[in-house]
Amino acid sequence: MAQETMSFQAEVKQLLHLMIHSLYSNKEIFLRELVSNASDAADKLRFEAIANSALYENDPNLRIRVAFDKAARTVTIDDNGIGMSRDEAVSHLGTIAKSGTKEFFGKLSGDQQKDAALIGQFGVGFYSGFIVADRITVESRRAGLPASEGVRWESAGEGDFSVETIERAQRGTTITLHLREGEDDLLSAWKLKTIIQKYSDHVALPILMQKEEWDQEKGEMVAKDEDETVNQASALWTRSKNEITDEQYQQFYQHLAHDSQDPLAWTHNRVEGRSEYTQLLYVPAHAPFDLWNRDHRGGLKLYVKRVFIMDDAEQLLPSYLRFVKGVVDSSDLPLNVSREILQESRDVRAIRDGVTKRVLSVLEELANAQGDAEATDEAKAKYATFWTEFGQVLKEGIGEDHANRDRIAKLLRFASTHNDSGEQNVSLADYVARMKPEQTKIYYVTADTWQAAKNSPHLEVFRKKGVEVLLLTDRVDEWMLSFLTEFDGKPLASVARGDLDLGALDDAEKEQQEKVNEELKPLVERMKGALKDKAKDVRLTFRLTDSPSCLVADDGDMSGYLQRMLKAAGQQAPTFQPILEVNPEHPLVKALNTDSAEFSDWCHLLFDQALLAEGGSLEDPASFVKRTNALLLAKAG
Numbered sequence: 001m002a003q004e005t006m007s008f009q010a011e012v013k014q015l016l017h018l019m020i021h022s023l024y025s026n027k028e029i030f031l032r033e034l035v036s037n038a039s040d041a042a043d044k045l046r047f048e049a050i051a052n053s054a055l056y057e058n059d060p061n062l063r064i065r066v067a068f069d070k071a072a073r074t075v076t077i078d079d080n081g082i083g084m085s086r087d088e089a090v091s092h093l094g095t096i097a098k099s100g101t102k103e104f105f106g107k108l109s110g111d112q113q114k115d116a117a118l119i120g121q122f123g124v125g126f127y128s129g130f131i132v133a134d135r136i137t138v139e140s141r142r143a144g145l146p147a148s149e150g151v152r153w154e155s156a157g158e159g160d161f162s163v164e165t166i167e168r169a170q171r172g173t174t175i176t177l178h179l180r181e182g183e184d185d186l187l188s189a190w191k192l193k194t195i196i197q198k199y200s201d202h203v204a205l206p207i208l209m210q211k212e213e214w215d216q217e218k219g220e221m222v223a224k225d226e227d228e229t230v231n232q233a234s235a236l237w238t239r240s241k242n243e244i245t246d247e248q249y250q251q252f253y254q255h256l257a258h259d260s261q262d263p264l265a266w267t268h269n270r271v272e273g274r275s276e277y278t279q280l281l282y283v284p285a286h287a288p289f290d291l292w293n294r295d296h297r298g299g300l301k302l303y304v305k306r307v308f309i310m311d312d313a314e315q316l317l318p319s320y321l322r323f324v325k326g327v328v329d330s331s332d333l334p335l336n337v338s339r340e341i342l343q344e345s346r347d348v349r350a351i352r353d354g355v356t357k358r359v360l361s362v363l364e365e366l367a368n369a370q371g372d373a374e375a376t377d378e379a380k381a382k383y384a385t386f387w388t389e390f391g392q393v394l395k396e397g398i399g400e401d402h403a404n405r406d407r408i409a410k411l412l413r414f415a416s417t418h419n420d421s422g423e424q425n426v427s428l429a430d431y432v433a434r435m436k437p438e439q440t441k442i443y444y445v446t447a448d449t450w451q452a453a454k455n456s457p458h459l460e461v462f463r464k465k466g467v468e469v470l471l472l473t474d475r476v477d478e479w480m481l482s483f484l485t486e487f488d489g490k491p492l493a494s495v496a497r498g499d500l501d502l503g504a505l506d507d508a509e510k511e512q513q514e515k516v517n518e519e520l521k522p523l524v525e526r527m528k529g530a531l532k533d534k535a536k537d538v539r540l541t542f543r544l545t546d547s548p549s550c551l552v553a554d555d556g557d558m559s560g561y562l563q564r565m566l567k568a569a570g571q572q573a574p575t576f577q578p579i580l581e582v583n584p585e586h587p588l589v590k591a592l593n594t595d596s597a598e599f600s601d602w603c604h605l606l607f608d609q610a611l612l613a614e615g616g617s618l619e620d621p622a623s624f625v626k627r628t629n630a631l632l633l634a635k636a637g
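Residue numbers for the sequence shown, in UniProt numbering: 1 to 637.
Treat the hints with care, as some may be off.
Restricting the straight-line Cα-Cα distance to at most 25 Å, the calculated cross-link-like pairs of lysine to any residue (SDA-like) are [said to hold, decoys possible]:
| hint | residue 1 | residue 2 |
| --- | --- | --- |
| 1 | Lys27 | Asp87 |
| 2 | Lys44 | Met310 |
| 3 | Lys301 | Lys454 |
| 4 | Lys464 | Arg475 |
| 5 | Lys382 | Arg407 |
| 6 | Lys635 | His604 |
| 7 | Lys532 | Ala630 |
| 8 | Lys13 | Lys44 |
| 9 | Lys70 | Glu226 |
| 10 | Lys441 | Lys532 |
| 11 | Lys380 | Glu400 |
| 12 | Lys27 | Glu48 |
| 13 | Lys532 | Arg627 |
| 14 | Lys191 | Thr267 |
None of these hints come from the bench; they were simulated from the model. Remember, it's a predicted structure, so these values are computed and weren't measured experimentally.
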């Protein structure tokens with residue numbers, strides 16, 4: 001087929017400009033990404049060859065070769081993996097998958113080091129070659145296609161590319177980078193080996209380079225007619241833990257997760273029993289860009305007897321641990337395992353349970369270090385970092401994983417009235433340890449923000465009595481609390497519930513409260529009539545000390561906060577009228593006159609104020625302003 005010229009997708013043009021002009025100081029990443037892509041191509045061939053061994057084409061020894069040519073000023077990365085057909089070359093090299101493109105550009109910060117680290121995470125690593133090359137030539141043939149169906153793809157990174165069909169005997173892909181001026185330091189075996197050993201030492205394929213030796217007469221390194229392997233070329237997880245340094249674990253994580261930061265923690269062990277498998281699991285130090293993407297396929301890399309089977313095997317992890325990165329290598333699963341088989345396999349369920357327990361153990365170790373006086377400051381800070389990045393995701397486990405609910409509950413952290421920092425650093429165990437002797441419940445309040453929770457009128461009586469209240473502000477909290485009803489035998493109770501019972505904390509004042517209730521019964525009845533379209537009920541409350549009124553949900557009704565949250569998410573929620581509680585000691589309530597012409601307006605004002613105080617929105621703001629102004633003018637004479 002004759003050569004054809006095509007235009008890049010708009011996002012690719014934008015990306016190429018970024019690569020060439022903004023990430024220049026981090027040029028080494030190009031080799032990391034191209035070697036990683038070559039490794040993926042080999043993994044894909046192994047997987048497809050399980051069902052069709054003819055794809056190996058009498059060349060079963062998979063490898064990657066890196067070479068350079070000083071005269072031509074080129075660097076070449078060659079693999080004998082799955083390769084690409086003509087259509088695949090156009091599709092893979094001319095466009096970026098929609099998922100990730102927008103997020104990639106949205107994440108760019110202008111910090112070259114951080115921006116360069118994003119490249120691999122978003123699957124755009126191939127284009128990093130243009131950081132060092134002003135022209136890239138790709139020749140490829142897909143395994144199983146005839147030699148006449150090879151393809152050559154070429155571009156100068158300026159908005160278009162050419163593609164043509166060629167004769168290619170070898171399957172796999174050869175990428176040739178034609179270096180820019182000033183990139184001659186890459187035309188060195190020592191330089192290329194250094195980059196490979198820094199970023200790609202743990203690629204499980206041999207990375208080959210032509211061997212060199214010192215020529216005494218010429219006074220320079222001279223190439224020999226043989227190759228040498230320049231990386232470890234063995235799967236890290238198959239080696240003994242005693243042979244692996246922390247630095248090697250960290251480097252493997254960076255290769256696996258396309259992450260420039262070290263992980264917070266990792267665990268590596270072999271499990272024997274009904275199911276035999278090796279697991280190497282990492283807890284990252286920061287959340288991935290697509291943690292909350294509904295289409296995100298989190299999971300682990302699955303190998304069977306060291307043969308790569310699939311990326312993102314989500315069946316090996318519960319959803320609430322989707323941030324975990326790592327590898328599971330099973331000795332028991334069949335080599336032709338598919339996602340459907342994974343869903344039904346008892347062995348997979350056993351692996352999933354084992355992985356889950358192991359991750360929770362790692363998190364418990366991090367959490368325990370927080371309270372360990374002998375732990376280093378760095379160790380103490382790790383769980384706080386984890387909670388900031390992944391705390392909301394872990395909370396999902398309370399509803400999803402009944403078997404481990406108690407373990408997860410101990411790992412939860414919240415803000416509370418115990419401190420004014422707003423940090424989520426209070427565990428339920430901390431709270432229980434500080435409970436007053438006569439206190440029987442764990443109290444909490446939910447709100448949109450920490451500031452709103454901290455200033456909620458519902459907290460007034462608790463401040464007065466010195467009782468700690470948890471301040472819950474994550475969107476997942478209301479859902480979580482429908483599953484987390486108690487901890488350590490202590491029920492959790494919302495301070496915004498109408499049936500709030502302080503038990504022994506309130507016994508001394510009950511007689512006085514009953515007397516006030518009787519005296520103000522006529523006032524409460526008149527208020528019920530004035531607010532019959534807004535409030536389910538009106539009653540006196542002794543939970544307030546500074547505010548004149550507050551809204552509470554009746555027992556069994558959905559809270560106002562949850563109703564607003566569901567509405568904001570575009571979901572239909574049943575509407576429950578709240579209960580208005582008024583503070584009989586507040587001057588505004590004491591001044592209410594049931595015979596006054598403005599009585600109804602005052603009642604509506606107390607209701608609207610309470611609604612605003614809990615973060616709600618008024619149905620008719622204009623009427624609220626008009627009513628408030630009229631009452632202010634009347635008071636002003």
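**Study point:** Those earlier numbered hints the structure runs against, lowest number first
**Key:** Of the numbered hints given earlier, those the structure breaks are 1, 3, 4, 8, 10, 11, 12, 14, listed in rising order.
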